[in-house]
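Just need the whole structure built from these sequences, with the hints factored in.
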Amino acid sequence: MKRNLFKIVALAAALVLAIGCLSGCGGGDSASSGDAINVILMGSEPTGWSDVMAKYDEIGPGVKLNVEWVAQGDMKDKLNLRLTAGEDYDLVFDAPFLKMKDFAADGIYTPLEDYISSGDYPNLQKAYTDEVWKANYYYGHLYGIPNMRTYGNGIDCVYYRQDLADKYGIGQIDSYDQLQDFFEAILANEPAMIPLGVGSTRGFYSMFAQDGVGMAKDHIVRMSAGGFCHVLLNDTDTEVVDIVYEGSEPEAYAKFPEKYRDGQLFGQERFQKLTEWRKYLETDSLNQKDDQSIFKGGKAAAIINNLDAYEQMQSDLKNSMPDAQLGTFVIPEAVRNKEPEARLTNLQGNNFICIPATSKKVDKTLTFLDWLMSSQENHDLFELGIEGKDWTAVGDDQYSIPDGAQYTFPGYVLTWNPNFVRFSDELPPDILEYKKYDLEESAYYPSPLAGFIFDTSNIQTEMTKVNAIVSENATALEHGALPDPIAVLRQTNAEAEQNGREVIREELKNQINEFLADKNS
Amino acid sequence: MSVFKAVRKKDGGAAAVKKPTLVQDIRRNKWLYLMCVPAILFFIIFSYIPMAGLYIAFVNYKPSTGIWGSAFVGLKNFEFFFTSKDWITITTNTLFLNVLFIASSTIASVAIAIMLSEIKNKWVKKITQSVVILPHFMSWTIVALFSVALIASDGLFNRIIVGLTNDPNKAIAFYNTPGVWPVLLVFFKVWQGAGFGSIVYLATITGIDQEIYEAAAVEGASRWQCITRITLPLLKNTIIMLTIMSVGKIFYGDFGMIYALVGNNSLLYPTTDVIDTYLLRSLQENTNMGMTAAIGLVQSLLGFILVIVSNKIANKFSPDAALF
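Residue numbers (the working numbering), protein chains in the order written: chain A, 1 to 521; chain B, 1 to 324.
Simulated from the structure, these hints should not be mistaken for lab results.
Certain hints may be false.
[As the list claims (entries may be wrong)] Think about it this way: if two alpha-carbon atoms lie no more than 25 Å apart in a straight line, the pair counts; the simulated DMTMM-like pairs of lysine to aspartate or glutamate are:
| hint | chain 1 | residue 1 | chain 2 | residue 2 |
| --- | --- | --- | --- | --- |
| 1 | B | Lys76 | A | Glu502 |
| 2 | A | Lys279 | B | Glu219 |
| 3 | B | Lys76 | A | Asp74 |
| 4 | B | Lys85 | A | Asp484 |
| 5 | B | Lys62 | A | Asp218 |
| 6 | B | Lys76 | A | Asp484 |
| 7 | B | Lys62 | A | Asp77 |
| 8 | B | Lys62 | A | Asp484 |
This structure is a prediction, so every number in the text was calculated from the model and none was measured.
Okay, here's the thing in structure tokens:
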């Protein structure tokens, strides 16, 4: 009796395990739900989302939305699995940092250029100028609608402790010299502090950046293709004259305009400067994973970021150190002075909303997007929530958030557009000015290669080898951690040449020439 | 327990006469075989069936066309690695670090197991055991945060060094000094894994017949002699067996650990760059499933060959310790 009982229990346990084994293989439940369009957005569902959906059903164009929110960490894998498996989705968020480049090349998304130009979706068509639409083509087609408010990637700035700058008699910082004085003062007087906090991957990042606009006016474009290189075009921007990788010997620049020939303006000067400024970083900067919090925690006197982070930075700093004052130093001089044509743009979005090729509801989906772009009111419903409850309008282009309101929608996944921008009313006037300047089209100078995307699928082996070589010193260089950066660059270049960079250069040259020929035909 | 005893008795009797066929064996021990089903299913589903996917290493994989629809490219996916200038350095690093890890973890695990077995007080033993096993359950990301507190330029180690020598210049910039990293990695590896690794050894020690120790004590053996003459020799087979098993993964760099601790710090690559971190660096801009699968295949094949070879050697010198 006892023996039988034992057998039964053991078998039951085995059975449970076996079922457990197999259950992992079950098919996922299909997202399909009749009439609605199935949407994947990145982020977590905003608090109060259901109220927004209810309101949308009331005033919307009659297209039901079935939105699934996917956390950023899972997004790449989930997109990959669902779309390659051909699951039933009609609208998904994607970006070059996710699967956009691969999926566009593989025909996973519906080309939208004919829909946009058909005139059936006038509001959507108006969302961007023809030039911008064109610049966002991937491999000859429009595979996604860009979500962008500005043509830039934010205004790069150094956030610093104004209270400390005042204490040491430096005041408002408006130049690299003053910034250096500030760092020296911190080094001399605040032994527990690091003058400048930087993160491991980015290092000095946008500091001492090369003058992209100046170069573009001289028909030179800097790009990354197995290391950074400068592409010299002819005077009419119709053909490639030469491509030279950063850190090359002066002789390599023979075809470039006079002032660039010593290679100093192409990064060499910058890397020497970084080595010189290395003393303002912490010893372990290459392993610093969270530079933002050492600033907010009072350990670093300054950090590099951009103006988009202003509100967050200010409130975090206030919370941790009530006496601290936040100062900002806008890095590029022309931007600091809000000059026109101060910023180079390729007019490309960093975020897109795409329609999978498997979707059978393309028209319905576009009807929704057209509605979203048809008025400030519709747009604000998604981006800011329900007016009166989640936000209140201040003037034409500002909003304020009532106490306790919690609706936060990640605009870059769906709603961002230059025609419908509202700013927080908590921004100080000078920052607001910069944010408005950031939106002006006249602040930008389009790159001669705007819209060009380097397709590396035929030179994978070379790209992989060269990328490994270039990445060997990349972070150390960005931290100024190598005593002789130019020698390192030269050596890296020599090794890259031996490992197939010539092939990459040729491919790049051909693709650019083809692109320019297409553009001008 | 009665089931097993009965089976063993029957089996023992039969084997002496004639080896049973598989069918006979299954019929006779149907309950035991039934209970193996989950494990067998697990390996079939998660280890054997996916092997078909190794084909991906030989194609230019495109998700839209699927594995079987992608163009066959032969050995092209292997080319980038074996023609790169660094592959020998990286492979050497991987092997060197893994040999260090296996040796030091084994020694530390055995030492911990013996020490635990020598503790007589039940409570002290239980608490110590829990404390040494605990680090195993911490993710490397968390260990990486600890490591900063320990080895940063103003971390614990450097404070101790500066405190003892009274000379701030004696501090070691660990994050800028590649030479110290093999030692540091071994330190963290042992700290994290040795306690957990001691469990098997401890179980083996517990299984040793107490009468052997009693007899030795009667003969006047000291405690140290008992360890070196009885415990260690009896642990030998377990040690060899577990070592063979870890050799199978010897060409895999411990990515979770090394990437969490070293990250993108290129100053440390000369001693810490292993096959897996190299792959990340070279492929993160242009992901390529085929190339990744190709290197994975090489790592597994080399590991497999090493397992077979070391098992052969074990068979020759200590047949009981061999896996098969």
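Checked hints:
1. B/Lys76 <-> A/Glu502: The hint holds at about 19 Å.
2. A/Lys279 <-> B/Glu219: This hinted pair is violated, its Cα atoms lying about 69 Å apart.
3. B/Lys76 <-> A/Asp74: 31 Å, violated
4. B/Lys85 <-> A/Asp484: 22 Å, holds
5. B/Lys62 <-> A/Asp218: The hint is violated at about 40 Å.
6. B/Lys76 <-> A/Asp484: 37 Å, violated
7. B/Lys62 <-> A/Asp77: Roughly 15 Å between the alpha carbons, so the hint for B/Lys62 and A/Asp77 holds.
8. B/Lys62 <-> A/Asp484: 42 Å, violated
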